[in-house]
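Student: Below are the chains, spelled out letter by letter.
There are 4 protein chains.
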Amino acid sequence: MFTSETQVRVRYSETDKMGYAYYGHYAAYFEVARVEALRKLGLSYREMEDKGVLLPVLEYNVKFYKPAFYDDVLTIKTCIEELPSVRIRFVSETFAEDGSQLNRAEVVLVFVDKEKNKPCQPPVYFMERIASFFKN
Amino acid sequence: MFTSETQVRVRYSETDKMGYAYYGHYAAYFEVARVEALRKLGLSYREMEDKGVLLPVLEYNVKFYKPAFYDDVLTIKTCIEELPSVRIRFVSETFAEDGSQLNRAEVVLVFVDKEKNKPCQPPVYFMERIASFFKN
Amino acid sequence: MFTSETQVRVRYSETDKMGYAYYGHYAAYFEVARVEALRKLGLSYREMEDKGVLLPVLEYNVKFYKPAFYDDVLTIKTCIEELPSVRIRFVSETFAEDGSQLNRAEVVLVFVDKEKNKPCQPPVYFMERIASFFKN
Amino acid sequence: MFTSETQVRVRYSETDKMGYAYYGHYAAYFEVARVEALRKLGLSYREMEDKGVLLPVLEYNVKFYKPAFYDDVLTIKTCIEELPSVRIRFVSETFAEDGSQLNRAEVVLVFVDKEKNKPCQPPVYFMERIASFFKN
Numbered sequence: 002m003f004t005s006e007t008q009v010r011v012r013y014s015e016t017d018k019m020g021y022a023y024y025g026h027y028a029a030y031f032e033v034a035r036v037e038a039l040r041k042l043g044l045s046y047r048e049m050e051d052k053g054v055l056l057p058v059l060e061y062n063v064k065f066y067k068p069a070f071y072d073d074v075l076t077i078k079t080c081i082e083e084l085p086s087v088r089i090r091f092v093s094e095t096f097a098e099d100g101s102q103l104n105r106a107e108v109v110l111v112f113v114d115k116e117k118n119k120p121c122q123p124p125v126y127f128m129e130r131i132a133s134f135f136k137n
Numbered sequence: 002m003f004t005s006e007t008q009v010r011v012r013y014s015e016t017d018k019m020g021y022a023y024y025g026h027y028a029a030y031f032e033v034a035r036v037e038a039l040r041k042l043g044l045s046y047r048e049m050e051d052k053g054v055l056l057p058v059l060e061y062n063v064k065f066y067k068p069a070f071y072d073d074v075l076t077i078k079t080c081i082e083e084l085p086s087v088r089i090r091f092v093s094e095t096f097a098e099d100g101s102q103l104n105r106a107e108v109v110l111v112f113v114d115k116e117k118n119k120p121c122q123p124p125v126y127f128m129e130r131i132a133s134f135f136k137n
Numbered sequence: 002m003f004t005s006e007t008q009v010r011v012r013y014s015e016t017d018k019m020g021y022a023y024y025g026h027y028a029a030y031f032e033v034a035r036v037e038a039l040r041k042l043g044l045s046y047r048e049m050e051d052k053g054v055l056l057p058v059l060e061y062n063v064k065f066y067k068p069a070f071y072d073d074v075l076t077i078k079t080c081i082e083e084l085p086s087v088r089i090r091f092v093s094e095t096f097a098e099d100g101s102q103l104n105r106a107e108v109v110l111v112f113v114d115k116e117k118n119k120p121c122q123p124p125v126y127f128m129e130r131i132a133s134f135f136k137n
Numbered sequence: 002m003f004t005s006e007t008q009v010r011v012r013y014s015e016t017d018k019m020g021y022a023y024y025g026h027y028a029a030y031f032e033v034a035r036v037e038a039l040r041k042l043g044l045s046y047r048e049m050e051d052k053g054v055l056l057p058v059l060e061y062n063v064k065f066y067k068p069a070f071y072d073d074v075l076t077i078k079t080c081i082e083e084l085p086s087v088r089i090r091f092v093s094e095t096f097a098e099d100g101s102q103l104n105r106a107e108v109v110l111v112f113v114d115k116e117k118n119k120p121c122q123p124p125v126y127f128m129e130r131i132a133s134f135f136k137n
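Chains as they are written, first to last, in our numbering: chain D, 2 to 137; chain W, 2 to 137; chain V, 2 to 137; chain R, 2 to 137.
Worth flagging that the hints you see were computed from the coordinates, not collected in a lab.
Check the hints yourself; a few may be wrong.
If chains are identical, the list can't say which one is meant, so a pair holds when it fits in one copy or spans any two.
[What the hints assert, rightly or not] Here are the simulated lysine to any residue pairs, SDA-like style, with alpha carbons at most 20 Å apart:
id, residue 1, residue 2
1, LYS64, LYS119
2, LYS67, ASN118
3, LYS119, GLU48
4, LYS78, ARG10
5, LYS52, GLY20
6, LYS64, VAL109
7, LYS78, GLU48
8, LYS64, SER86
9, LYS115, SER14
10, LYS64, MET49
11, LYS136, PHE3
12, LYS52, TYR71
13, LYS115, GLY100
14, LYS67, VAL113
15, LYS119, MET19
16, LYS115, TYR66
17, LYS67, GLU50
18, LYS41, GLN8
19, LYS64, GLU107
20, LYS52, LEU103
21, LYS136, VAL33
22, LYS64, VAL92
23, LYS115, MET19
24, LYS64, ALA132
25, LYS115, PHE70
26, LYS119, GLU129
The shape of chain D in the complex, shown without the other chains (with noise of 0.2 Å):
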């Protein structure tokens, strides 16, 4: 299992009327979160696309205990609980400034060849900086 803590503060542009972070943008949070933990692998999100592999979604479920507000830092725990194959699934939780969860989501995403346009193994550095976390 892997896991990686990112902060992220709301924008006063993420906000929305009722004063909360508006929930669709925790889309955004998650997906910064998960190239920050792929980054403390040593791995780059960047660099795999430049090199052909894209990473699109292909799930996600969220379930909103609490809102954020403006300003709020939050703290977004990412997890990779077991290892990937074609696809990739990441566990995004968000807690707030007391330590309150406010929300959970389950990401799954896709590794896609992109010349070919067709899910594909992920490339085999990626596979090995991950492996390292789920040996026993």
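Starting from the known structure of chain D, arrange chains W, V and R on it as the hints suggest.
Tutor: Showing chains W, V and R alone in chain D's frame:
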């Protein structure tokens, strides 16, 4: 059961570097379609909020089958399958111009009394409008 | 001179905690209105881009007189006042439902040859369509 | 004169199909940088708003020299060149990692008394903090 169709055109600002409509924007598309669905029922979401009833999202689950692209006109089918109570569940499906289905989502929202900041029953006029679609 | 009007409804996701349509979203509204203006001329921005001519923004100046609110239907008036050359300038003005003007913007874009990554003249078919509005 | 620097990383959701950071997002980047600039002065924009003073944007002028790309870390230099009165003017400049300047903006905002819904002088504590940078 109540069903409604709304069209949304993908904006340049909503595309990403893959050339897709960024998946995070469907939250906003579905919301536009929900509000238009209510409008067809003679219900104004704006008015309901002005009268003190909010409708935040509790749960959002979406599966993506195919991406949409810049300038595509998407048809979003919004469906209320059960009579709402404190919660209301919408099924949202997006279709491309060629009729193919791009994704399917479920969105669960909760009626909230703004003053008391607590879940509440839907307004009476709201239930009256919707109830007519669930008589047998 | 060429003038076109397009309507845009303010989405919930576009409001901010002041209850206003967040001012940063007008860039996207004006872009929607520009693309619709071109469509009325028989020009597809998507097609032009597919044929290798991009149109990035060089300059964007906007003055805000009044805010817009959730669910408001805004009328955006888009005007091309001079015959374009390598650059094209649009004047965009937003009006509320009561006819009052909310803001006024100027947007200057540049035609760019995608292959060469250099500024270029507008495509011939583009100029032919627009030129008819500038004959005297 | 008061100057501050803030860093922002371009999110995937902020890219467009040209591969650029969509130009409309700079409004949000500049706002993040303004709020961080105020924070360095010991001023919380959130608190000021909670105390009844809003700061909507009156004017926004931006010239783009070069685009930014996905995952780029942008440095935004925010400058207050004159002592604010009812209006406050920020100059915002964005720089790439190689030091090259990507754009330059001016943003004029107005202090508004939320209760009266009218322009007002900045709060006394706000002026005190800023004034120290304009003594000679």
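Student: Would you list, in rising numerical order, the hints stated earlier that this structure does not obey?
Tutor: Of the numbered hints, 7, 10, 13, 20, 21, 24, 26 do not hold.
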